[in-house]
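Asker: Here's the letter readout for the chains.
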Amino acid sequence: MASLVLAEHDNAALKDATHKAVTAALQVSAPVHVLVAGENCEVVAQAAAKIAGVEKVLLADAPAYARQLAEPMEALILSVAGPYAAIVAPATTTGKNILPRVAAKLDTPQVSEILKVVSPDTFERPIYAGNAIETVQAPQGKIIATVRTTTFAPAAEGGNGTIEKISAAPDPGCSSFVSESLSKSDRPELTSAKIVISGGRGLGSAENFKLLDSIADKLHAAVGASRAAVDAGFVPNDYQVGQTGKAVAPDLYMAVGISGAIQHLAGMKDSKVIVAINKDEDAPIFQLADYGLVGDLFKILPELDEELAKRGYK
Amino acid sequence: MKVLVPVKRVIDYNVKVRVKADQSGVDLANVKMSMNPFDEIAVEEAVRLKEKGKAMEVVVVSIGPQQASETIRTALAMGADRGILVKTDQTVEPLAVAKILKAVVESEQPGLVITGKQAIDDDSNQVGQMLAALLGWPQGTFAHSLEMGGDSAKVTREIDGGLQTVEVKLPAVVTTDLRLNEPRYASLPNIMKAKKKPIDEKSAADLGVDIAPRFKVLKVSEPPKRGGGVKVATVADLLDKRKTDVVI
Chain A
1 MASLVLAEHD NAALKDATHK AVTAALQVSA PVHVLVAGEN CEVVAQAAAK IAGVEKVLLA
61 DAPAYARQLA EPMEALILSV AGPYAAIVAP ATTTGKNILP RVAAKLDTPQ VSEILKVVSP
121 DTFERPIYAG NAIETVQAPQ GKIIATVRTT TFAPAAEGGN GTIEKISAAP DPGCSSFVSE
181 SLSKSDRPEL TSAKIVISGG RGLGSAENFK LLDSIADKLH AAVGASRAAV DAGFVPNDYQ
241 VGQTGKAVAP DLYMAVGISG AIQHLAGMKD SKVIVAINKD EDAPIFQLAD YGLVGDLFKI
301 LPELDEELAK RGYK
Chain B
315 MKVLVPVKRV IDYNVKVRVK ADQSGVDLAN VKMSMNPFDE IAVEEAVRLK EKGKAMEVVV
375 VSIGPQQASE TIRTALAMGA DRGILVKTDQ TVEPLAVAKI LKAVVESEQP GLVITGKQAI
435 DDDSNQVGQM LAALLGWPQG TFAHSLEMGG DSAKVTREID GGLQTVEVKL PAVVTTDLRL
495 NEPRYASLPN IMKAKKKPID EKSAADLGVD IAPRFKVLKV SEPPKRGGGV KVATVADLLD
555 KRKTDVVI
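Taken in sequence, the protein lines are chains A and B.
For the first sequence, position 212 matches number 212 in my numbering, and the numbering has no gaps at all.
With the second sequence counted from 1, adding 314 to any position gets you my numbering.
Just so you know, the hints here were simulated from the structure itself, not pulled from any lab data.
Every residue, glycine too, gets a C-beta built ideally from N, C-alpha and C.
Some hints here could point you the wrong way.
[What the hints assert, rightly or not] A few chain A residues facing chain B, derived, Cβ under 7 Å: (1) Ala70; (2) Ala104; (3) Lys105; (4) Val178; (5) Asn208; (6) Gly292.
Using the sequences plus the hints, can you model the full thing?
Answerer: As structure tokens, then:
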């Protein structure tokens, strides 16, 4: 029996998180169908049909799905859920918002943020901010799971799925979209960047946080932050890396002025190489870092910027 | 309007958890326990609604062992009016929690439920959404700010790309994110007053909910450890290191 994957998209482009959820879903129950719900989002459905392993794309194109609000999305998913062995969504704020509603209505428990598919009904997932890994076996019946995207490789392109248009489910009409303010950046997305440079309280101000920009530009890195930096108003909430923010696992993670609270480490400790720059040599971040540089970041950051320029990074 | 605030007793967020040697779980013996930080934010928001005259009564509910009544007392000391303890010594999975809360909502008839977006022990992030679905209510999850209207609420949500504002008809479920507010410390007089506030005790069976676990936890293990790192002296040294070099 097939798995159904909820597509992550913004009506214009299919997000990489979908490809990663497809990888997980293929391990649970192949083939995979992808549900693309949005408004004027046919291009997204076309992209989803090209993912290897995707047999069919269900396209629900209606104004009610323009923002993928949880209530109409619940109704839509329930209208197609019947035949599927598994319903899988990436553990993005969209997937986390919608999927538990579906699980509750199907009276099926949900496995959140799976790290690994051990067998089609058994999964590893992080608990206690990733300080313990739980291996759980789901009961017989449908599998409902969200997927920690940092631990699954994206499914390859090269599929040739069909696209089936499906009709909208009745909108419960109890919620409506008002507005949004999205951070705009030309840099790579935090969750899929190869290099991430994050700042913490040590940067001291929103103005100082900009010291990271020039380095990030040279390295084509995304910029992230610790909770302390977000709480202090240096940067917006979507920069936050950690237990309750975003989980990242880039090739290189540079933590600048971040002491390393367990809640922050939970979101970045799967990075391949970790570099820490901090003036406090006893900061917990150094226990995790592959390379640590102890010193005043206001001296080190300009030096780093200059040294990168010297070595030909622009 | 009445506001219902579900709160959970969890390992204090400062405690470094230890996995038991037999991999049956984490060691909870003699570990400091506290209210789930996101639930503390929920209590604060509810109490502020009451102080602004937008709520008449704040009722706190917790599901857990007898000691969870201490967590309820903490909420009462922050300004909640009364508590309900649904007493059980077993692990209650998110779906069963949502079912218990649904039963509590049906008897209490609140106009709003505010709770944490996730508990920092099982990190599931499910209960608010499940409760809303079971009740057929709308939800405003990961709330960054909350603005109450007459028969609706505007919730600004922390989403991956930034902030999104939705309007939900009441009754509704709101789950809190970190920036919604900064919870107060209870004052000594309020702690004393909280001792006199009522806590009603129930069991899941009283509410007609089956809380038998549906998942089988096969094991709980330590995450892979990272190898120890080295300190470097200068920026140039850092960039010369083989691994950094390979990456950039």
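Asker: If a hint holds in the structure, say so; if it does not, say that too.
Answerer: Verification of the supplied hints:
no., hint, verdict
1, Ala70, "6 Å, holds"
2, Ala104, "4 Å, holds"
3, Lys105, "5 Å, holds"
4, Val178, "4 Å, holds"
5, Asn208, "18 Å, violated"
6, Gly292, "5 Å, holds"
Hint 5 alone, counting from the list given before, is not met by this structure.
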